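Engineer: Here are the chains, one letter per residue:
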Amino acid sequence: GAGVSQTPSNKVTEKGKYVELRCDPISGHTALYWYRQSLGQGPEFLIYFQGTGAADDSGLPNDRFFAVRPEGSVSTLKIQRTERGDSAVYLCASSLSRGELFFGEGSRLTVL
Amino acid sequence: DAKTTQPPSMDCAEGRAANLPCNHSTISGNEYVYWYRQIHSQGPQYIIHGLKNNETNEMASLIITEDRKSSTLILPHATLRDTAVYYCIVRGHGSGNTGKLIFGQGTTLQVKP
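Line by line, the protein sequences are chains A and B. The opening position of the first sequence corresponds to residue 1178 in this note's numbering, with each subsequent residue numbered one higher. The opening position of the second sequence corresponds to residue -18 in this note's numbering, with each subsequent residue numbered one higher.
Isolated chain A (complex conformation) (with noise of 0.2 angstroms):
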C-alpha cells in the first residue's frame, strides 16, 4: 500500500549489540519524525527531520541513539550498545510539511 512502511516488524537483539530500524515514508512527505512507545506508555517523540536535515532531535535519550535520512526519503534509526531499557516499539510517522502525521504500524524492539 502507500502508507508508512517499518522494517522490520519484530527485532530480538542481544544486549549491547547494534540495531537498525527503517521507515520508508509516504511518497512526497517532508517530514519524518521518529517515536518509541514503552508499554502502557503514549509515544514519545525521539527525533524530526524536515528533508535531509535532522531538525529536531531533542528526544533522543543519549548518543547511542543516532538516525540519518540521507537522500530525504527512506529514515534509519539505529541503536548502539543496545539495553535492556531500549526494549520498545519504535514508530515512525511522516507528514507534508506541518500536515497530519501517518504512522507506520512500529518496529518492536527487544533487548534480551
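You may find that some hints are simply not true.
[Stated by the list, open to error] Cut-off 25 angstroms, straight-line C-alpha distance, at most; resulting in silico cross-link-like pairs (SDA-like, lysine to any residue):
| # | chain 1 | residue 1 | chain 2 | residue 2 |
| --- | --- | --- | --- | --- |
| 1 | B | K(-16) | A | F1222 |
| 2 | A | K1255 | A | V1266 |
| 3 | B | K33 | A | L1273 |
| 4 | B | K50 | B | Y27 |
| 5 | B | K(-16) | A | G1236 |
| 6 | B | K33 | A | S1274 |
| 7 | B | K33 | A | F1279 |
| 8 | A | K1188 | B | Q23 |
| 9 | A | K1255 | A | T1184 |
| 10 | B | K93 | A | G1219 |
| 11 | B | K(-16) | A | K1255 |
| 12 | A | K1255 | B | S22 |
| 13 | B | K(-16) | A | L1216 |
| 14 | B | K(-16) | A | D1234 |
| 15 | B | K93 | A | Q1218 |
If you are wondering where the hints come from, they were derived from the structure by calculation, not from laboratory data. All values derive from a computational prediction rather than experimental measurement.
Given chain A's structure and the hints, the job is docking chain B onto it.
Structural biologist: Coordinates of chain B only, in the frame set by chain A:
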C-alpha cells in the same frame, strides 16, 4: 506545546455516542487541538483537528469551548472497533514549531456490546 489532561479510561455502550473530554487550559492562540487514536498493536491514527470552530468529518466531531480551554471528541455511534486509546494533543502550527506531536497517556475507550 501546551499540556492536555484526559480521563484515563471510559466505557461506552455499542451504538451510543462516545464523548471524550480533554482539558488544555494553557493552549495559546496559534495552537490547534488534534485527536489521534491507537488501536491495540497498531500505530496512532489521525481522527480530527480544530482551532476554535467545531469540526466534523466522517469519523468524529470535535467541539471546542469558546475559551478554547477544553474540547470534546464525539464518536456519534460507537462500535466495538472504536475500542482504542484516544489522545488529545495540542500542536503549534507557527513557523517556530516543528509540528511534532507530544502524546500524553490518553483515554482508553472500551466499547461494550
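Engineer: Now tell me, hint by hint, if it's right for this structure.
Structural biologist: Evaluated hints:
For the given pair, B/K(-16) sits about 15 angstroms from A/F1222 by alpha-carbon distance, which is consistent with the 25 angstroms threshold. With a C-alpha separation of about 14 angstroms, the suggested pair A/K1255 and A/V1266 falls inside the 25 angstroms cut-off, and the hint holds. Only pairs whose Cα atoms come within 25 angstroms are accepted, and B/K33 paired with A/L1273 is accepted, the gap being roughly 23 angstroms. Using a Cα cut-off of 25 angstroms, the hinted pair B/K50 and B/Y27 holds, with the two alpha carbons roughly 21 angstroms apart.
With a CA separation close to 17 angstroms, the supplied pair B/K(-16) and A/G1236 stays within the 25 angstroms bound. This hinted pair checks out: B/K33 and A/S1274 have alpha carbons roughly 22 angstroms apart, not beyond 25 angstroms. Distance hint between B/K33 and A/F1279 is fulfilled; the C-alpha atoms sit about 23 angstroms from each other, no more than 25 angstroms. Note on A/K1188 and B/Q23: the hinted pairing holds, with a Cα-Cα distance of about 16 angstroms set against a maximum of 25 angstroms.
Only pairs whose Cα atoms come within 25 angstroms are accepted, and A/K1255 paired with A/T1184 is accepted, the gap being roughly 13 angstroms. Of the pairs offered as hints, the one joining B/K93 and A/G1219 holds, with about 23 angstroms between alpha carbons and a cut-off of 25 angstroms not exceeded. Taking the CA atoms of B/K(-16) and A/K1255, the gap is about 30 angstroms. The hint is violated against a cut of 25 angstroms. Distance check on the hinted pair: A/K1255 and B/S22 sit about 22 angstroms apart at the alpha-carbon level, within 25 angstroms; holds.
In summary, the hint linking B/K(-16) to A/L1216 is supported, as the alpha carbons are separated by about 21 angstroms, within the 25 angstroms threshold. Proximity of B/K(-16) to A/D1234 is assessed by CA-CA distance (about 20 angstroms); at most 25 angstroms being required, the pair is judged to hold. As the CA atoms of B/K93 and A/Q1218 are separated by approximately 23 angstroms, the hinted pair is consistent with the 25 angstroms bound.
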